[in-house]
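Trainee: Sequence:
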Amino acid sequence: MEDFNKYTSHINYSPIVDFTLQQGKETSYKKGEYFVRQGEACKIMGFVVSGSFRYCCVNSLGESSIVGYTFDHSFVGNYPAFQLQDQSNVDIQALCDCTVYVINHSQLADFYDINNDHQKLGRRIAETLLWEIYDRMISMY
Numbered sequence: 001m002e003d004f005n006k007y008t009s010h011i012n013y014s015p016i017v018d019f020t021l022q023q024g025k026e027t028s029y030k031k032g033e034y035f036v037r038q039g040e041a042c043k044i045m046g047f048v049v050s051g052s053f054r055y056c057c058v059n060s061l062g063e064s065s066i067v068g069y070t071f072d073h074s075f076v077g078n079y080p081a082f083q084l085q086d087q088s089n090v091d092i093q094a095l096c097d098c099t100v101y102v103i104n105h106s107q108l109a110d111f112y113d114i115n116n117d118h119q120k121l122g123r124r125i126a127e128t129l130l131w132e133i134y135d136r137m138i139s140m141y
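Residue numbering for the sequence shown follows the working numbering, beginning at 1 and increasing consecutively.
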């Protein structure tokens, strides 16, 4: 599932992966447990060592749709909500038992402040996620 999320092939994530594995807290999620709930503050991001998550959202009619997945050796979280310290617009739920290293907003800010390369990586992540969202929007037409 290496290229399921297109953005993972456009960026060298190794510095932030290494940081998350070294500074993050190892956390276990059981099948069905939520990483974050729609409408709740998104306080953590994580790197999935093993397992998988699905991203779902509930529309105004109460209908739930799966809008994405994350698999092992990739990041899990609602990055825009996390960066803005805002409410998540998706539920992120474990599809099986998972092991995740989690970091909080302050830790990620410290990572970006280490040097210019880390700041560039943060900008590149945001730009690539924007590209992916734009690509998905265009594909709807």
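Among the hints, erroneous ones may be present.
As the list claims (entries may be wrong) - List of simulated lysine-lysine pairs, DSS-like, C-alpha gap at most 27 angstroms: (1) Lys25 with Lys120; (2) Lys25 with Lys43; (3) Lys30 with Lys43; (4) Lys31 with Lys43; (5) Lys43 with Lys120.
What the hints contain is simulated information worked out from the structure, not anything from laboratory work.
Trainee: Hint by hint, say whether it matches the structure.
Mentor: Comparing the hints with the structure gives:
1. Lys25 with Lys120: holds, 25 angstroms
2. Lys25 with Lys43: Holds, at roughly 13 angstroms.
3. Lys30 with Lys43: Given pair Lys30, Lys43 holds - Cα atoms ~19 angstroms apart, limit 27 angstroms.
4. Lys31 with Lys43: holds, 21 angstroms
5. Lys43 with Lys120: Roughly 22 angstroms separates the two Cα atoms, so the pair holds.
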